[in-house]
Structures are given as C-alpha cells and as structure tokens.
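Asker: As a plain string of letters, each chain reads:
Protein chains: 4
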Amino acid sequence: MADRLKGKRVLITQADDYMGPDFIPIFEEEGAIVIADTRDLTIPSAAKDLIAETGHIDVLVANLAAVHPRTSVENTTDEIWSEMFDKMVHPLHRLVRATIPQMKARRSGKIVVMGSASPLRGQNDTSPYASARGAQLAYVKTAGFEVASYNVQINVIAQTFVENERYFSKEYQQTDGFKEKFKDVPLKRLSTAREDAMLAIFLASEESNSFVGQAFPFAAGWVV
Amino acid sequence: MADRLKGKRVLITQADDYMGPDFIPIFEEEGAIVIADTRDLTIPSAAKDLIAETGHIDVLVANLAAVHPRTSVENTTDEIWSEMFDKMVHPLHRLVRATIPQMKARRSGKIVVMGSASPLRGQNDTSPYASARGAQLAYVKTAGFEVASYNVQINVIAQTFVENERYFSKEYQQTDGFKEKFKDVPLKRLSTAREDAMLAIFLASEESNSFVGQAFPFAAGWVV
Amino acid sequence: MADRLKGKRVLITQADDYMGPDFIPIFEEEGAIVIADTRDLTIPSAAKDLIAETGHIDVLVANLAAVHPRTSVENTTDEIWSEMFDKMVHPLHRLVRATIPQMKARRSGKIVVMGSASPLRGQNDTSPYASARGAQLAYVKTAGFEVASYNVQINVIAQTFVENERYFSKEYQQTDGFKEKFKDVPLKRLSTAREDAMLAIFLASEESNSFVGQAFPFAAGWVV
Amino acid sequence: MADRLKGKRVLITQADDYMGPDFIPIFEEEGAIVIADTRDLTIPSAAKDLIAETGHIDVLVANLAAVHPRTSVENTTDEIWSEMFDKMVHPLHRLVRATIPQMKARRSGKIVVMGSASPLRGQNDTSPYASARGAQLAYVKTAGFEVASYNVQINVIAQTFVENERYFSKEYQQTDGFKEKFKDVPLKRLSTAREDAMLAIFLASEESNSFVGQAFPFAAGWVV
Chain U
54 MADRLKGKRV
64 LITQADDYMG
74 PDFIPIFEEE
84 GAIVIADTRD
94 LTIPSAAKDL
104 IAETGHIDVL
114 VANLAAVHPR
124 TSVENTTDEI
134 WSEMFDKMVH
144 PLHRLVRATI
154 PQMKARRSGK
164 IVVMGSASPL
174 RGQNDTSPYA
184 SARGAQLAYV
194 KTAGFEVASY
204 NVQINVIAQT
214 FVENERYFSK
224 EYQQTDGFKE
234 KFKDVPLKRL
244 STAREDAMLA
254 IFLASEESNS
264 FVGQAFPFAA
274 GWVV
Chain Z
54 MADRLKGKRV
64 LITQADDYMG
74 PDFIPIFEEE
84 GAIVIADTRD
94 LTIPSAAKDL
104 IAETGHIDVL
114 VANLAAVHPR
124 TSVENTTDEI
134 WSEMFDKMVH
144 PLHRLVRATI
154 PQMKARRSGK
164 IVVMGSASPL
174 RGQNDTSPYA
184 SARGAQLAYV
194 KTAGFEVASY
204 NVQINVIAQT
214 FVENERYFSK
224 EYQQTDGFKE
234 KFKDVPLKRL
244 STAREDAMLA
254 IFLASEESNS
264 FVGQAFPFAA
274 GWVV
Chain G
54 MADRLKGKRV
64 LITQADDYMG
74 PDFIPIFEEE
84 GAIVIADTRD
94 LTIPSAAKDL
104 IAETGHIDVL
114 VANLAAVHPR
124 TSVENTTDEI
134 WSEMFDKMVH
144 PLHRLVRATI
154 PQMKARRSGK
164 IVVMGSASPL
174 RGQNDTSPYA
184 SARGAQLAYV
194 KTAGFEVASY
204 NVQINVIAQT
214 FVENERYFSK
224 EYQQTDGFKE
234 KFKDVPLKRL
244 STAREDAMLA
254 IFLASEESNS
264 FVGQAFPFAA
274 GWVV
Chain R
54 MADRLKGKRV
64 LITQADDYMG
74 PDFIPIFEEE
84 GAIVIADTRD
94 LTIPSAAKDL
104 IAETGHIDVL
114 VANLAAVHPR
124 TSVENTTDEI
134 WSEMFDKMVH
144 PLHRLVRATI
154 PQMKARRSGK
164 IVVMGSASPL
174 RGQNDTSPYA
184 SARGAQLAYV
194 KTAGFEVASY
204 NVQINVIAQT
214 FVENERYFSK
224 EYQQTDGFKE
234 KFKDVPLKRL
244 STAREDAMLA
254 IFLASEESNS
264 FVGQAFPFAA
274 GWVV
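These protein sequence lines map, in sequence, to chains U, Z, G and R.
To convert, note that position 126 of the first sequence is 179 in our numbering; the numbers rise steadily by one, no gaps.
To convert, note that position 33 of the second sequence is 86 in our numbering; the numbers rise steadily by one, no gaps.
To convert, note that position 32 of the third sequence is 85 in our numbering; the numbers rise steadily by one, no gaps.
To convert, note that position 103 of the fourth sequence is 156 in our numbering; the numbers rise steadily by one, no gaps.
Read the hints as simulated data drawn from the structure, not as lab findings.
Please note that a few of the clues may not be correct.
Note: identical chains are not told apart, hence a pair may lie in one copy or across any two.
[Said to hold, decoys possible] Pairs of lysine-lysine, BS3-like flavour, derived with a Cα cap of 27 Å:
| hint | residue 1 | residue 2 |
| --- | --- | --- |
| 1 | K140 | K157 |
| 2 | K157 | K236 |
| 3 | K157 | K241 |
| 4 | K223 | K236 |
| 5 | K101 | K140 |
All chains, full assembly: derive it from the sequences and hints.
Answerer: This is the structure in structure tokens:
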C-alpha cells in the first residue's frame, strides 16, 4: 500500500454509518489524517459549523445515508419521502457549499460523494431512496462541472452490492428477495468494503485529478 | 391530426406554467378532455385533493415547474434550494401516489412527466435546478418500473431548448450566455412547443403502451 | 390512424427480414409509398445502386439484420464475427452515405435505423451481435449530429423483446433461457410489432423533426 | 508509487502507438513485467500467435489505434471505413478470444481496453472512428459480463483530450477546430498521459477486482 493520501486532511461525514466505519482505517493506512464526524447533518446549520470547525480540508468524503425504506410508491408516506432528502440531499448541498470556498481559494481539493446505483436501474420499492440518490448524481454532475476549472474535483461513487453489515447484512443476504436480485449480478459476489475504499482513495488522491463531475457505477456489474 | 386521445380525460397540473399553456390546445386537438389545474401543489394536501376532485384520470401530465435560479454552488441559499424540491419533486411523488391506485385498479393509465435535460449534462449555475430534475428522472425510472406490470406507464420528457416564452424568452435568446450555449446545439434551432406536445401525446396515447419508466431526452440534440 | 406519412416515399431495406414484413402494411396504413427492397446489401456496390434506382427518398428505414449467433466469446469464429459487421454495420454506412446527398440538397429527410438494445446491457453469448449493433448506435449518434443542421434527422430504435416470428419465435419463448431472461422484463410481455412500428412512424414523420442522432431504447423496460 | 503490478506480466499491444509509449515506463514503475508488442494485428492470425508466444499473461492492455480520419459521412470511403474496424475492432475480438482461456483456467486475469469517448457524444467528422470505437464499448460490456463469473475482468477506458504527441499534438492544439472544441471542456486542460496510466493501472491491479464490463469515460469532463 502506498501513502497516496499522506498528510491529507480527510473529513468523513456521518462516520458511524454507511461506508464510514469501513473507510476510516483504510484511509489511515494510506496516510490520511481522518476527521471522522458523526453529527446530525439534518440540522440546517450543522454543515457550516462542521466545516468551520474542521478548518483545512483536503478531501471531503460526503458519506450520507438513510435506512432504505423499501416501500412501494403507494405506501411511501410524506415522512419517509422527506427523510430521504433531509438526510442525503440537502446536507450534500450544504456541505459542498461550505467547503468549496477554501478549495477554490487554494485551487486544490477533492470531494468524493458516497452515492448509490439505485437511480441507474429500476427496481421495485426503491422510489424514495433512488430519487434522493438521483438528486445527488445530478448535483455532482453540475456542481462538479462548475468548479472543475478551479482544480477542485467532485465525483460520486454510485454503489450497490457492497459487503457491509449495515446495508447488506448476513440476514438480508439469506432472504429470497436478495437471492432473486442477486442472480442478476455478473460478479456473483458482493464487492468488498476494501474494494470500495480503493476506488474512493483513487478519487481522493492526486492520481485522479482529471475526473470532474463524474459518477462511477460500483455495482458488481449490475449496472455499468 | 388523428384523435389519438379521443375522449381521454387528461389532467395537466400547474397548467399556467411550463408547458401547460402550449399543451392544452394541442391536446384538445387530439380529442382529449383536458382538466387544466392551476392550484399550488407545494401545499402537502393539494395533490390528494386534486386527484380526488378530478375523479377518473386517463392521463396525468405532471407538469411541475420553478423559475430556474441560475445560481452558483456557493450562492445557492437554502431557500433557493428547497424551492426546487418543494415545487418539482415532492409534488411529483404526491401526485403519482394519489393517481396510481385508480390506474392500477383499471389496469390502464399514463403518467407523462414534463422534466428537464439539465441533470444529463453539466453546465454552470444549474446545480439546484438540475438536482431536483434529477430526482424526477430517478423517480420515473423506479416508480415506472414498479407499476409497469399493472399496465400503467410512467415516462418523462427530459427537455431543454424548447421554444417557450416562459423558459426561452426572446430576451433570453438575445443574451451572450444563451448564444454561447446555443453554439453547441446541433439542431441549430429551438424545438417548438408543438414538437414537444407531439412527443407528449405519443407518450399519452395507446401507441406507446410498452414504454415504462423511460426518460426521453428532448433537447435539440444537446443531449441524446 | 392519421395519414402521417401521406405520399412519403419510404425505402425499407432487407424488407423480408427483421421488422420489414411487419412494418410494410403499417407504414402503408399511414399513407406511405413503401419501396420494399430485398437485395443482398453485403455486396459493396448494392447500397449505391439501390439508392440510385429508388430516386427520391423521403424516409430510409435502415432495416439490417443477421441471425443472432448466441455464441460465447471463445466460440466466436472470425466468420461469425465478420458476418455481423458485413450485414449490419458496413451496409449502414453505405446506405446513409448514398442517401444523405439528396436529403441535404432538399434540406429534408429522415433515416430510421432499426437497431438493437443488445449493446446497452450485458448478457451472455451476445458479444458479436452486440458489438455490431453498438457500432450502429455510435454511427447514428455521430452521423446524426453531423447532418442535423441540414434538417436531416437520423435516429435509431434500440430494440429487444419485440414480438416477431423471426426473432422471438413461439418456440424460443418456450425455452428456459428465454424464460429466465424474461423474468427481468418489467412490462411482463413482449412489445408488439405494431407498437414498434408506431415508434418508427413517429420518427419517420414530421412530428419528430427535432430529434437528431438519438437512440430510443424500445425494450419493454429491460433497458430504458 | 506502490508496487501495484509487482511481478505481473503485462502485454501491451501496438506498443509504439496510442498510449503504448507513455504507458510502458509507468507500468514498469509499478513493478510490471511489460511485454511490448508492435506486430501488425490486422493480420488474422497475428493475435493468436502473439498470445501463444507470450505465454502467461496477467494483464492484457488492448491498445489498438488507427489514425482518426476526421472525415464527413459523405466523404468516408469504404477504405477509410474498413480500416477503422480492421485495426481497432476485429483485433480486439481476436486478442480477447485468444487470452480468455488461460485467464478462465487460472480464474484470474485483467483486460484493459484503451478505447475512446468518441462514441459517447456527437461531433462532426467522427462517424467512422466513433463507430469502430462504439463496437469496442459494446464488446467490453457483453464479453466482460460473460467472463465476470470466472474472476476475469474486462474494462475499457473511453478517453479523449489526453495529452499525447500522436493524438493531440502541439500543432493540432493550435488549430481553430481544436480551440473551439476545447471551450467545452470543463477541466480547461488536457489530461496527462500519466493520469491516464493511473486509471489503467488501477484497472490492471487487484484493487479493481469487482469492476466488470465497464466503460470509464476519461475525457476531462467533456463526457462523464
């Protein structure tokens, strides 16, 4: 393993959820100084405060998650619906808005959004989750385009089928629903959290300086 | 012109905005009974009330719009941001949720969402608008997948560069910003509102019964 | 049914194969004067001769087909491979090249390519067929872009799961391979040849004058 | 720099063209044993002979190139057209077919195709080049899907705007055609050959074991 993030200050948000727990040690292996924050980012002022408190940020890992409600169009209450946007979409805008000025000023910085492949292919019972994740993809495409000329790179990992106790638990892997869906996955195994981290580290490092506003499907071949 | 929508009850929402004013007479030419509603759909109960009052709906034209704020990532206030989702995203979910039961029960019905191509290609100063429009595309993909087996079809027109006094006014067409952007448009003209209506009518009619959860870029070739 | 193609001279190539037999009567219902040609277009001079003999062409339906070899990467002989390109790719280039001058001169004309969704999603045993069909999609995107400003429109239908005795025969529909694949199709039925024709007629008519270089997935929701 | 390819036998084809000359030293920095071959792969037996002579291959870098003819649809002769497929498409099929058996037998191996972004967005005078490159993308998607379950990974870099004396020479960069096109590139610079190599090395290394049949646009943001 190289020191691809040696001395880089990497802020990981919602660090006790989604890819946070798995990513922290792997980013540290690469030499990163990880600031692992766990505050509730649904509070409108939280993102601004977090960025102000953190100071210098080389890499923002915008790791935002909500429990996938797996609910039909008709059974999606307004509460379920709003929660998706409150947890995953509005905080992304606020985090990026607060981080961009320092990155533009230094003409250097990376934002890696931990997103989802759910907006890229239809499935039952995914519309609220996928819609919020789709907003993230569009945000990265347009915001990433806009800041590209300042040498700031925003990209997103559009993932699914990643081994993760919180999202693809051993119990869920035993269900018929999972098994039926999994038939369709050409890799015939889940991706590992380490493989996911390797992509994130690539996107956080100087190796990927020319990617801007791009979505990287990371889905064991389920979408490419 | 054929009677492709003869006797069909077509509900057009926010009918005094976006494509509403242009679409109403063209849909009527095709024989549709147009219910043109103009209520404020940001009120949470409005969608449910509208669908209940309307009764039988063969075609829902989910025409939802907000003024494009054309603002940078850093200058996007939370008010600007929320307005996009309040006007274009949350009402879409509530309209579809309220309409689907009658369509599923009859095993017949069409929902045509009037969306945008903005999530499909990066541009400056578009992130709040494009993010909300991106949520719409993901919603159509997943909700459309889910209801497909009930013979209900939800599809979306992902449009831009459509001649329209409200979105591409004669004044805007004179600006340098527009002219620079327009160089890139292979058609070398705006699409007309009638051309847009022809696609919408195709998607509203029985001719398109096998399209489900699909986005149709309609962008004078700017994206395809 | 309207006379959307009234008096239009429509050339359908390889008219005894793929969508030819189904399309001819439906195009005629719309008022088209159909020139149904069945010559072997793998002969390098054939396309040029055909266009010269046909004279005025309003609409070219580039209907090119080969039997899908359903063969693995390793078992794809050079003969199988070449046949795909000889039948579906090289004639497309020659047909379009021969047809474009008259259309550009008149500043009017439509080319509808009957393509395939196979390049849009991975499947086993499809690589030779899908590669040739992928070349078609790229050709339409670039050639269509290039001629757009002359008011000539080239678009492609990227189809699969269309009811068709030659491609999805009743026998094939009884196989386990088909049934397994079909589980994944949200429409839960094949599209009909008439539905396919309706899209082709839309793309052949003046209603679609602002689509250029675009691929229309037509796949019962399997890809969108 | 890590030894991410330490001891890996990496075959680079057409090694004196396209990305070959730039890649060889950078792959060697990562510990690879590079076999740089320059034979003419348009000869049908050449691919098979090459793979047989090379013996054990951990990574095949399918680097296939032809001079971009930059010619209009109407001026594309059959010679120009065929050259694209003879140099870039048919050899890809033959190289992969010859390499897959040893990789499947070992349940290990990577194929990185050096492709192009030209099939992903319309431009004038690109149809022959883009069509051949589009066939490559479809081949990778389907062949990559097919071999995924054997732990063999085929992926493709869909590149453009990469600094390279052979493709984006200093002279070409001075032309008005280039400058006009370049306005549209959000990165505001070309990617470097080293950045391109970093992506290729990522795809050649064990870090990317879960990517299968995927295209990675690498285009300075021109397409994402």
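Asker: Go through the copies and call it for K223 and K236: within, between, both or neither, with a Cα cutoff of 27 Å.
Answerer: both (17 Å within a copy, 25 Å between copies)
Asker: Is it within, between, both, or neither for K157 and K236, if the alpha carbons may be no more than 27 Å apart?
Answerer: Intra 45 Å, inter 20 Å, cutoff 27 Å: inter-copy only.
Asker: Check K157 against K241 for me: Cα-Cα at most 27 Å, and say if that holds within a copy, between copies, both or neither.
Answerer: between (42 Å within a copy, 15 Å between copies)
Asker: I want to check one pair: K140 and K157. Are their C-alpha atoms no more than 27 Å apart within a copy, between two copies, both, or neither?
Answerer: Within. Shortest intra-copy distance 26 Å satisfies the 27 Å Cα cut-off; inter-copy 31 Å does not.
Asker: Which holds for K101 with K140 at a C-alpha limit of 27 Å: within a copy, between copies, both or neither?
Answerer: Answer is both; intra-copy 15 Å and inter-copy 25 Å each pass.
The earlier numbered hints are all upheld by this structure, with none contradicted.
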